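*Asks:* What follows is each chain in one-letter form.
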Amino acid sequence: MQKFGIGKYRNIIVSVALFLLLDASVLLTNFYMSFQISEDATAVNLAGRQRMLSQRIMKSLLETDVSLFNSDARQNALDELQRSVNLFDNTLKAFKNGGVTTDANGFPVQLNPADPGKAQNALNAADEIWRPFLAGIKLLLLQGSNIDNPNFTARLQDAVQYGTANNLELLRLMNELTVALEDKATAKASRLRMIQTVGMSLAILNFLLILFHFLKQLKQSDAIIEQSRQETEEILETVNEGLFLLDEHLTIGQQYSKKLTQIFHREDIAGTSFQSLLKSLISEKDMSTAESFIKLLFKPTVNQKLIGELNPLNEIEIHIADDNGQYQSKFLNFQFSRVVVTGTISHVLATVSDITRQVMLSRDLDNARRQSESQMELLSTIMHANGDLMPMFVRNSVGSLEKINNILKLPSRSHVQHMGKVHQIYALIHGFKGEATSLGLTPFAELAHKFEDQLEALATNENLTGNDFLSLTVLLNQILRQLDAAEKLLERLAKLSQVAAQPEIAEKPDWTHFQNLADDMAQRQGKEVEIVCSGLNDYPLPAELASTVNRLCIQFIRNAISHGIETVQDRMDLQKTPRSEINIHFCRLRSGHWRLTVQDDGAGINTEQIRLKAIQSGLVTEQQSELMSQKQLIALIFSPTLSTQSAADMDAGRGMGMTVIRDLVKDQGGKINVATRAHMGSTFTITLPAATNLATQAA
Amino acid sequence: MQKLMIVDDSNVIRSKIRRSVQSERFKLVASASNGAEAITHFKATKPDVVTMDLTMPNMDGIACIEQLIRLNPDVLILVVSALSDKATGIEALEKGARGFLLKPFTEQDINAALLELTDFLYV
Numbered sequence: 058m059q060k061f062g063i064g065k066y067r068n069i070i071v072s073v074a075l076f077l078l079l080d081a082s083v084l085l086t087n088f089y090m091s092f093q094i095s096e097d098a099t100a101v102n103l104a105g106r107q108r109m110l111s112q113r114i115m116k117s118l119l120e121t122d123v124s125l126f127n128s129d130a131r132q133n134a135l136d137e138l139q140r141s142v143n144l145f146d147n148t149l150k151a152f153k154n155g156g157v158t159t160d161a162n163g164f165p166v167q168l169n170p171a172d173p174g175k176a177q178n179a180l181n182a183a184d185e186i187w188r189p190f191l192a193g194i195k196l197l198l199l200q201g202s203n204i205d206n207p208n209f210t211a212r213l214q215d216a217v218q219y220g221t222a223n224n225l226e227l228l229r230l231m232n233e234l235t236v237a238l239e240d241k242a243t244a245k246a247s248r249l250r251m252i253q254t255v256g257m258s259l260a261i262l263n264f265l266l267i268l269f270h271f272l273k274q275l276k277q278s279d280a281i282i283e284q285s286r287q288e289t290e291e292i293l294e295t296v297n298e299g300l301f302l303l304d305e306h307l308t309i310g311q312q313y314s315k316k317l318t319q320i321f322h323r324e325d326i327a328g329t330s331f332q333s334l335l336k337s338l339i340s341e342k343d344m345s346t347a348e349s350f351i352k353l354l355f356k357p358t359v360n361q362k363l364i365g366e367l368n369p370l371n372e373i374e375i376h377i378a379d380d381n382g383q384y385q386s387k388f389l390n391f392q393f394s395r396v397v398v399t400g401t402i403s404h405v406l407a408t409v410s411d412i413t414r415q416v417m418l419s420r421d422l423d424n425a426r427r428q429s430e431s432q433m434e435l436l437s438t439i440m441h442a443n444g445d446l447m448p449m450f451v452r453n454s455v456g457s458l459e460k461i462n463n464i465l466k467l468p469s470r471s472h473v474q475h476m477g478k479v480h481q482i483y484a485l486i487h488g489f490k491g492e493a494t495s496l497g498l499t500p501f502a503e504l505a506h507k508f509e510d511q512l513e514a515l516a517t518n519e520n521l522t523g524n525d526f527l528s529l530t531v532l533l534n535q536i537l538r539q540l541d542a543a544e545k546l547l548e549r550l551a552k553l554s555q556v557a558a559q560p561e562i563a564e565k566p567d568w569t570h571f572q573n574l575a576d577d578m579a580q581r582q583g584k585e586v587e588i589v590c591s592g593l594n595d596y597p598l599p600a601e602l603a604s605t606v607n608r609l610c611i612q613f614i615r616n617a618i619s620h621g622i623e624t625v626q627d628r629m630d631l632q633k634t635p636r637s638e639i640n641i642h643f644c645r646l647r648s649g650h651w652r653l654t655v656q657d658d659g660a661g662i663n664t665e666q667i668r669l670k671a672i673q674s675g676l677v678t679e680q681q682s683e684l685m686s687q688k689q690l691i692a693l694i695f696s697p698t699l700s701t702q703s704a705a706d707m708d709a710g711r712g713m714g715m716t717v718i719r720d721l722v723k724d725q726g727g728k729i730n731v732a733t734r735a736h737m738g739s740t741f742t743i744t745l746p747a748a749t750n751l752a753t754q755a756a
Numbered sequence: 035m036q037k038l039m040i041v042d043d044s045n046v047i048r049s050k051i052r053r054s055v056q057s058e059r060f061k062l063v064a065s066a067s068n069g070a071e072a073i074t075h076f077k078a079t080k081p082d083v084v085t086m087d088l089t090m091p092n093m094d095g096i097a098c099i100e101q102l103i104r105l106n107p108d109v110l111i112l113v114v115s116a117l118s119d120k121a122t123g124i125e126a127l128e129k130g131a132r133g134f135l136l137k138p139f140t141e142q143d144i145n146a147a148l149l150e151l152t153d154f155l156y157v
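Sequences listed follow chains V and C, in order. Sequential numbering from 58 applies to the first sequence in my numbering. Sequential numbering from 35 applies to the second sequence in my numbering.
Rather than coming from a laboratory, the hints here were simulated on the basis of the structure. Incorrect hints may have been included.
Below are the PhoX-like pairs computed for lysine-lysine, each with C-alpha atoms no more than 25 angstroms apart in a straight line [claimed, not checked]: (1) Lys80/C x Lys342/V; (2) Lys688/V x Lys728/V; (3) Lys460/V x Lys387/V; (4) Lys387/V x Lys315/V; (5) Lys129/C x Lys362/V; (6) Lys175/V x Lys150/V; (7) Lys129/C x Lys37/C; (8) Lys336/V x Lys315/V; (9) Lys153/V x Lys195/V; (10) Lys129/C x Lys77/C; (11) Lys129/C x Lys352/V; (12) Lys336/V x Lys352/V; (13) Lys245/V x Lys153/V; (14) Lys153/V x Lys460/V; (15) Lys478/V x Lys723/V; (16) Lys316/V x Lys387/V; (17) Lys37/C x Lys362/V; (18) Lys50/C x Lys362/V; (19) Lys352/V x Lys137/C; (20) Lys77/C x Lys362/V; (21) Lys356/V x Lys61/C; (22) Lys342/V x Lys129/C; (23) Lys80/C x Lys61/C; (24) Lys362/V x Lys137/C.
On a predicted model such as this, the values are computed, not experimentally measured, just so you know.
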């Protein structure tokens, strides 16, 4: 609370006091002077009366003189003389020395001694004449009124005589007194007027000074108010955040920054509610949380420094139409703080900033971080993988993925065509997954598995349309990007190790990854597998052929472990060695053809199970199946939709492994032979044409 | 010296808070692993400051805060919780808690929050 100080108002107070003082002194002077003027007026009147009395005395003397035979008239004249003389004498003395006389109404009147000068001179001269006259009249009056008394007549004659001689002089002197008194009164009146004029002028001057001073101060304070208003406006115009005050009903105050209107693309903000500002921009749940949060700030016991974490609007995404009606997405940050005025929370100050750029930046950083993490993961995967086979894997994979891409681009209208595409893609991606798994490239295997999941969703979709394939493109691109990254990493690694990647002359590849793949899968399934390879390194193999052989082996190993080989427990129950064996043999026939033999000592192919599965998946009818030979039934394992596993996992169950083999062999113009015996195992024999054929195939 | 009670169902969090607080400012008078236990200890030891978890078996934090405030409206309660649902945190403050600290926290975090809570002058 500001203390009331006198300083600011001192000038005005002094001025007003001066004004009052001036007024009062003019009033007092006026009062005093008018009192004096009224006294003067009385004196002038009395002086005039003296003039009249001097003549009345003379008249009374003469009347007495002419009323010698009328005693009543004579007596009246003498009485009149007596009164006039007394009155004249009293008044003259009062004028001269000051004293009391009687006014026209018979009331006593106090007179001050006349001023020295004209009046006093006239009085002195009159006194000189009057004293003998008064003595004579007094002697006359002592004689009574009897005309027979000789003294009386003698005194009368003396008095008449003296009076006649001096009466005019007395009148003149009394007139002089009157004039002198009148002059004095006139002088006083004009002095009073002057005082009044001066006093009033001073008062008006003072008043004008006050007015001027007051107006000046008013103007100054107005200027200060205007300046601060302007400064506030400038701040609100230029500040880079949306600023506004909220009262406890969450109503927005009258003043807010311009930025606020730019953030929300609206002008009518003053006096509206906070809820209406954010209506339809944020969810109702966020809105009600925000309301509760702001109301917490109006609760004095809550410590505002300790509730920042609960602010639901610290990073909120809104979709808002801009001035051109285009919808855009923004991230806003709201901060709220208390405004405390004289000990109570009057408002909450809200600050809104557009943090879209920061959020985007931090997301980009996150993405970059994630990307570099996945690159690191990829790098470590590659470094752990079989170095010789990696370039081959990348090349094969790029080929497969491009094939998938081409299949995706093919026009297809009917459901049958769609399903055909699904199955072709399935075979390709399954092959890719197998290779990735065999090399321990988990990130690729996971992506491929995801791809297979999506394909499966498409395969079970009754109303499949061309558009449904679009989602696959995204994932496909992701895999391609990863492959690209892997390739670049490989190049760098190759440079680092000063060993140029020479996939074309991969003379003696390292095949230990077969054992790794087998161990990995077998462990997951409670099995033990030994891979025995022979002949694979006996010939300098063209890269293309090496790749095909590698991919075939991988699929055979996967298939054998998933479907053929029994668990350790089962094998022990069957009196077999707990560790099963997969024999891979590669050789060149005299005809120039290549032969790959993969033999396992597992359970063999269960044709009955195939038959049931084929019926179940609608591949054949029951009647058809009963007519089929063992050989025909076994051939069914190469059809895309058959898997004897009931659920798909990372290792098997999509029924695609054998299809991949079939397609690979078919692509190379080769043949497959299958031999199987229950509990003894299966042998797959692949015959591939000579290298010349392969070269044309690869082109 | 203010009397402190720690309420949290995690033994790890309880001992972390116990280790963190400045011994010259706070005297630990009770630890509770659920709301019901907290009420009993509160009545017996009358703490000035309470750190309160929200999700606990046998009476959750919100209900516990309500009861503690009824027993002593001046008790300073700091909610220490990991919840992602801000509305629940706000509800705790509406019920009378005075501050909120998000888990996970560092020793400095809990210390600063407790000092802020106890030094805070109410308007």
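*Asks:* Need the status of pair Lys37/C, Lys362/V: alpha-carbon distance at most 25 angstroms?
*Replies:* Between Lys37/C and Lys362/V the Cα gap is close to 22 angstroms, so the pair holds against 25 angstroms.
*Asks:* Has the given pair, Lys80/C with Lys342/V, been kept, meaning a C-alpha gap of at most 25 angstroms?
*Replies:* Since the Cα atoms of Lys80/C and Lys342/V sit roughly 37 angstroms apart, the hinted pair is violated (cutoff 25 angstroms).
*Asks:* Would you check the hint for Lys336/V and Lys315/V, treating anything up to 25 angstroms between C-alpha atoms as holding?
*Replies:* Distance of about 20 angstroms is within 25 angstroms: holds.
*Asks:* Are the Cα atoms of Lys50/C and Lys362/V separated by 25 angstroms or less?
*Replies:* 22 angstroms, holds
*Asks:* Regarding the pair Lys356/V and Lys61/C, is the alpha-carbon distance no greater than 25 angstroms?
*Replies:* 28 angstroms, violated
*Asks:* Is the Cα-Cα distance between Lys352/V and Lys137/C 25 angstroms or less?
*Replies:* Holds. Lys352/V to Lys137/C sits at ~24 angstroms (cutoff 25 angstroms).
*Asks:* Lys387/V and Lys315/V: Cα distance at most 25 angstroms?
*Replies:* Roughly 18 angstroms between the alpha carbons, so the hint for Lys387/V and Lys315/V holds.
*Asks:* Assess, step by step, whether the Cα of Lys688/V is no farther than 25 angstroms from the Cα of Lys728/V, and give holds or violated.
*Replies:* Distance ~15 angstroms between Lys688/V and Lys728/V Cα, so the pair holds.
*Asks:* Is Lys316/V within 25 angstroms of Lys387/V, Cα to Cα?
*Replies:* It holds: about 14 angstroms lies between the C-alpha atoms, which stays within 25 angstroms.
*Asks:* Hey, Lys460/V versus Lys387/V, does the alpha-carbon distance stay inside 25 angstroms?
*Replies:* Violated, because 41 angstroms separates the two Cα atoms, which is more than 25 angstroms.
*Asks:* Starting from Lys129/C, check that the Cα of Lys362/V is at most 25 angstroms away, please.
*Replies:* At roughly 18 angstroms apart (the allowed maximum being 25 angstroms), Lys362/V and Lys129/C satisfy the hint.
*Asks:* Is Lys153/V within 25 angstroms of Lys460/V, Cα to Cα?
*Replies:* 150 angstroms, violated
Hint compliance for this structure: hints 1, 3, 14, 20, 21 are not met, and every other hint is.
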